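So the protein sequences, as listed, match chains A and B.
1 is the number of the first residue of the first sequence in the numbering used here; add one for each residue after it.
1 is the number of the first residue of the second sequence in the numbering used here; add one for each residue after it.
These are calculated hints, taken from the structure and not from any lab test.
As the structure is a computational prediction, the values presented were derived from the model and not from experiment.
Misleading hints may appear alongside valid ones.
To be verified - Covered stretches of chain A (chain B as the covering partner; in silico rule of three or more C-beta atoms under 8 Å from a C-beta of chain B):
(1) 182-193
(2) 380-387
(3) 433-440
What the hints assert, rightly or not - Over 10 Å on every C-beta distance to chain A, these chain B residues come out as not near it, computed from the model:
(4) 14
(5) 49
(6) 84
(7) 126
(8) 219
(9) 422
(10) 434
(11) 609
Stated by the list, open to error - Straight line, CA to CA, 25 Å or less: simulated BS3-like cross-link-like pairs of lysine-lysine:
(12) B:39 / A:360
(13) B:39 / A:356
(14) A:356 / B:217
(15) B:41 / A:360
(16) B:217 / A:360
(17) B:103 / B:130
(18) B:546 / B:610
(19) B:523 / B:103
(20) B:41 / A:356
(21) B:605 / B:523
Where a beta carbon is used, it is the ideal one built from N, C-alpha and C, also for glycine.
Listed here are the chains, written in short residue letters.
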Amino acid sequence: MLSQFNTSTGYQVSQKQGSLFGRIDMVAVGLYLALVVIGIVSIISASYDPEMENIFSLSHNYMKQIIWAGIALVFAVVILLIDRRYIHMFSYPLYVIGILSLIAVLIFGVKVNGAKAWFEFGSVRMQPVEFVKIATALMVARVMSDFSFNINRVRDLFKVAMVILIPLIIIVLQNDTGSGLVLCSFLFVFIREGLTKYIYFPLIFSVLLFIASFIFTPEAIFITLLILFTIYSLLKSGDVVGHVRFLAVVSLVTLLLVIFTPLSGYAALMIVCGIAAVVLGAVAIKLRAMVLLWPIIMFVYAMLFVPTCDVLFSKLQPHQQDRILTFVGVKSDPQGIDYNVNQSLIAIGSGGAFGKGYLKGTQTTYGYLPEKHTDFIFCTPGEEGGFLGASVVVILYIALILRLMRMGERIKEPFGRVYCYSVAAILLFHVWVNIGMTIGLMPVMGIPLPLMSYGGSSLLASTILIMIAIRLDASTEDESVYMG
Amino acid sequence: MANNRGAQRYRTLQYVVLLAAVVILGRLFYVQIIDDQYKAKAEANIMRVDTEYPMRGEVLDRRGEYLIRSRVCYDVMVVTRDIPKEGFDSVRLATILNIPMEKLRRELRRAGPASRRPHLVVGYLSQEAKLIFDESDFKGFYTRFRTAREYPRQVGGNLLGYVSEVNDNHIKWDYYAIGDYIGIGGIESAYETMLRGEKGVSYYAKDTRGAIVGSYKNGELDVLPIKGTQLTSTIDARLQEFAERLMVGKVGAVVAIEPATGEILVMVSSPTYNPDLMVGRQRNQNFLEMTRNQQQPQFTRALKEHYAPGSTFKLVQGLVALEEGILHPSDKHPCSQGFTYGVGKNSRTLKCHNHDSPLNLRRAVAESCNSYFCYVFKDIITNPKYGNIKEGMRCWTEYVKSFGFGERLGCDLYGESKGFVPTTEFYDKGYNGRWNWGTVISCAIGQGEMACTPLQMANLAAIIANRGYYITPHIIKAIDGRDSIDSRFYERHHTMVSSRNYQPIIDGMWLSVNDDGTSRLAKLDGWDVCGKTGTAEHNRRDASGKRYPDHSTFISFAPKDNPKIAISVYVEHGGFGSDVAVPIASLIEELYLTDTIQRQEMLQKVLDYKINYGYYDAKQRKYDQQHPKK
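Just chain B, same shape as in the assembly (with noise of 0.2 Å):
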């Protein structure tokens, strides 16, 4: 009776025992193997993960010298849970840091106690220094390899762009992630996907004290970095160093192309700055100081800025008509000092300067007449065959556009501005339909509502040169040493004016330089220069409603037959074209076609020129009124 209740109990004990290990088997069966998180835990546990970053991609200019260039530094960084309780020697870092005291405080506290994350101390530090902060092993700081970048001729900071650290809307693209650089602005925004190459993953093995205690897996999972690809730029280091000490103290931009290739040789938006400032620990108070200045260093106005092409836009209008078949070379207009048109009381005067009249095409060409061109102008919009203005003005819309113009030319360069070439419609709307040639007469000078870009202009000198097509301009040859850019940039874009009807308004320049016109400062012996000077009208005034002085705009191409370079240089509040803008298109074609300078006098006049920027004086002076510095 008794063992029987035994036996009874002895059964029941053991499917007590057997009903724990069911529990701990089940428990071990859902932990093991149906539940996932344990083993992705345990990946994060034991690894620190590195990013290896790659040596950025550098660039080098047409003849091969070195545009940018990268050197090799470190970042410090700190993973403040890694750091021993009893401390560091923080005088002793700061010092190798070559940091203040101060700023390794507060850098720690940001980065938050006993935090997991690494967080960046200090970037930019030498090779030098690092060998010497690696001997002392503060637990807890590591370096991190980075690449910093170089400019040996410390030219074209708003042409390069520059390196900066990623923000929280690049986070959200794919790729990037935080502590990464990328490229901003001009080239190194362009090629941004070229010049940073692809970075690596190193995965290190740690202990719970955060210490590295070897590669994890051997380096099985680690990825190599690749470097950024090297690139070649259009650019002429030598010429655009050039062109910028010409343009120091002078607001506005220079461009020239190979025309025969659309290749950039030079591209300033001055005022530029010194691209070194945008690189070491200085940079972020560098990069404040330049937001502070109402001249925009960082804007490259060059492919940007909207500028009315004032009489350069002339050769733009007689091609058009020579096309169209109303205006013959040697048509002749009278000109009496401007050209009167409207009726009454509401006539109005379209001034010209004093020259000879009645002037045939080449001739008014060369002496830049206003009124021949907007009898030009009229004759287009007007031409009976059209029916009515509407049409006209649409066919010389259409005209207008095949020349580059109030479209972007697709440059390789971000941020390109369309310019604007008026339409009916935006006259339409503008004067509620009612309209005549008289009321846009200001477009047959490149004036009223015309806006191009220097880019744009410069494209225009490349057409002429090359009698009728453009390559799209761009700034890059060769990626990698082949020139296998875009194919976009191998292609001609032909205007609607065919080639043969370039010639009188080629001759026309050429006689500009040559021949006592508006150029001549651009003549240069031995070669034949051909050009146009523009002086633009704005509307910027002071507070007393007095306009400043004209823009001083030049467009020019040499030599005329097979030409090597098309220029076009814009001077804001530069006075007449002839006045600064001519000179310095000449002195950039000396340079690039001579490889050397004659012409010392005009050198020294053109860098001593002083132009008085009472616009953007006014303009800064607001500023630090309005945001006075801290």
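Chain A with its partners taken away, still in its complex shape (with noise of 0.2 Å):
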């Protein structure tokens, strides 16, 4: 049956045969290694210290990198022998462990940066978040593939939503919000899985709104939508000459109320739009053109969001808006403003096209940046290796990332699919508030690069869950019919 839907929609799916070592993609297999030893190398040289004594010594972070890489192996070959019913069936139990050690980091934890999401064992310290990415995604996969399951279901997205809210509720208590948001990534899933346009557009839009809210001035917020879903709007209608009008209208009408009004401008805006919408939406609904009416609505709606926000926000005390900027990831910033960016950016910023060679970038290795091995990793390339090793960098992410999406679609059966895309979305997530933040797209967010920042439970977890994916997509026809 299943096939019968690949020949009838024509898009390639791999039929594998052979041994298991055959079936396994060395594609995304390559980029893994690839992205892992770029990392050990880029820490060598963000710990570079031309005086440095015993270089194997085992006190070096990149010593204990390349052991971390070496027990990650380990752990890449185990999975990829594993059965992959195990994977299926440890799902719940896994979910399960995680959520008690996320409760357990809650109470005995200590606390790293602020964040209490770290267990200490003697030397080594393990952050569970990490794990739980990989036991949250297991857990959505395994809900959502479901032979009953339907995405636009209440109950069932109800069920899907609870299984990302209960972990990410208790990171956040942990005070480590970014890791939180990583799971907020899973709406990408969604959209894979056809959640309808009617709740992930307004999600985003709203996100987008509130995140604007704190960058542009409401005047600007408003006057980019108007002029946006004006042509929005003329280009569904071709109606040149009507939207010349309105918009005369609405700034004529605007400028009047401002010369002999004692109304702002913003005010006399909002009234002009305001009335403009309510007759508009009517006569829309009159003559039943939703292309005119959904932009009229999303207007209406920011118009009512974006000061709701800032109401609320202003009549906040102080440490509680800190808090909140703090939550959307405006971090408060110790050493001044953005010194952490500011550092990262003239770290890449100087690396120029070609970079200054390796071990030869200045900024990385005179210690100016923080957090130079863990969280701003990208800058050790992005100086070293200029916009040519970013590059790079940057493509072999995306190039794993687009390589996951396709193996989901490629397996036959949803649970492997919504876990390729779950990791997908993880990582790209990642990459992008990752790198975003190294060069001042992103608000500071403590969230390190998957594979190549510095640190054993980042990359063990890694590992673990893009192999999992890796031995999903090597399955065997009879294993996905066993599954389905």
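Put the two chains together into one complex; each comes in its own frame, and the hints tell you how they fit.
Put into structure tokens, the structure is as follows:
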């Protein structure tokens, strides 16, 4: 039945045969290995000290990372050898263990950089949230691959939302908002699995408005929206004269209001747009012109949403405002305004086109960057490899993400597909936020660059995450049928 | 159907992923390739640029002994940002630096909290103290190599100038930056560009805590400082010291020139100060005290002060008249203790002292007869050849200017004054065009509007010694051991008076010294000394309107043939020229020509000679009242 579907849609599904080794996606493994190696090489450079003695001493970060990479490889081999049925089977217990470990760390954990998110065993520190990502991904895949599951049914949506929200809330309670937000990336999976646009579009729109309300003035947001929606509506209807007339009337009336009444430009624009929205909305309903109605509804929504955010925010105490800013990722900066981002921009920006050469980076070597081997590891290829080196890293990540999505598409049952998409989504979120913050696109959030950042739990967790996807992809037809 | 939808969403999500990649790559492209600001910031981030100061050039005197020497010392700098948060042993630091705690605290406050900018804590740290300082390793503090000036003979404060840290105005020029030193005044300023050398630069790599972690790029970019050029001065340090000693307690100037070369042997502007006062940690205080002194120890009178030349100027009148052909050396003019001019109630008398009458030119010079030169000056400017007095005056002015009066001589020291030679236009303006020879007669004897500097007077002595030309006086004779000074110091400037006309005047000067003239004290056995005294009137009056004593002046050269030294001495309120200026000049000549002082009695007399400076005392009292000491 499945194969019929495949032939009818005509898009490629690999029919893998032969040994397990032959079925493993070597492209994904290659990308994975390349990133781990680049990571270690970068950590060596970030920890490099020209006067360093005993370069093989285990006290060096890179030696620890190499050992972790070795351990990760063992895990990778084990995972690839596991029967995929166990993976499916372990989803529930792993998820439960994950939640319990999160609760445990909330009680017994140690605080690092303000987040109570670490277990300490002697000299080894573990961050359970890394493994919770795997457990959650498996759990989401498990729930969503239920035969009767329909993402657009409220009960099912609620169920899968809870799977994500329970760990998310605990992680936020640990004061590790950045890691918690990673779980929001599952929206990516939901969209693939057919989540209706009536849910995800308002969600994304609200999030964008929320972020925009902290960055831009309300006037700027509204005028931008007004122009965007007018263009959208113009493209859909093709009525040039009507739209020009509409903009002209709105501007003119606003102008008149500003001149002849004590209203400010913002208030005047709000009033005019409000009236215009009501009138246009009524007309649109009468004409049943949904094309016109949607932008109007979104605009009215924005008109209510943004001031509400602002008013609520301004009513809060300063320390609460700080907390919210921290929550959205605008971390308070102990060393002055955007010290970290400035330093990381200087490091990357000074790399130029081809970089300063390996171990010749000055910013990363002389210790200007905090967290240079963990969260800001991207600065090392950025500075020493320049645009070329940085692009290679970005392209490798994007290639791995696209490969994971493609693997998901060719797995013939939902469990594997949802899981692969989950991994792709988690990676995408990490890469976007982490690299984004090093180049000033995103606020500073304490999340690592998977596979490259120094840190055993992160490397191990990312390895397991990806290896499970590769293992699922390497499943034979038989196994799949069995699973289906 | 469902899969179709899936395929569509797969495609869309692929675009989302690619969009993220494009945004990141675009931003990277902008940050790394288009925007240049980060490269500069990266440099600034990891470098500490230290200026390496060169050793300032030294100055030798004409005999090869050091006039100015450089010695190594250190500035102690602080970068407050690099001071450890837990503090440091400030008592120990203050002890090592030999400064009071209060001063250390004050400097730290001035440097500002957590500042990146280096701030000078204290200068002039000796090498020994620096070693102790280095051992202690105070984080945030470091030393900077500097040189301080040293003066073996401790002479010529206002002649040599001093070295000071640059001010805001200097920084506007090229080269200078905050913390640099610059020569101020005298030789230090005139030859600043040679003495200062070239600054070097060292680049150090540092980490976030500001600690130096080594040289940046293995010192590839470093520039070594280049030592300042050594100069050889024309000054004779021994003679300068002697002249300064003679001038102690006297306000005025001594300038001695080697006539054949224009080299300045001695240049004393008295009072002067010990140049060591302007070096070291007490210098600011010393400087302030000096500025309070109304006798102005920093004022180089020899170059800048306008004095009336007095009777010494009669020599020029005689020379001009001889050249114009209106005076023959044997011409005699009468003198009845003065020169009376004008008619009726407007008649005036320009007084002269008691001497034989009438005199010829040679005797008139020897006796310094006022009347004689009034006749001579009158004859010059009323010469019928020129038609009227205005043209006559114009001609006279031109002659006088050819002797280097009224213009800067072009000495290598800065700040020379022009002096003043009156012109037709000047009198036209002053007297509304209505003036006659009687109006301007005081010019005849170097009074009235005539003004010149001691340097110009010494130059006049050199001109007469050279029989008609001078070489621009200068203070530096060799640069880095080679006589590569400006070519203008090798050119002869001829006066408008031809050399044959000098002989009668020189004879007169010889008579003045050797045949019972006004300069007889200058007689030096075995040497043909020539000289001319002057007793210059001025307009400085006390509260009751009474004039203070006249200025005593003397110009001289010796020996008569092949002169080795030409000298001018000017002592304010010293009385008659013969009273104090003559012995001072004579003693200097004696030391220079014979290397010894035989006339100990005269030396003692000069040293003991007390002048009452009522004029300056009154000024000082007024100043102290207006600017009480804090």
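For this session: Taking the numbered hints from earlier one at a time, note which ones the structure violates and give those numbers from smallest to largest.
Result: 4 and 19
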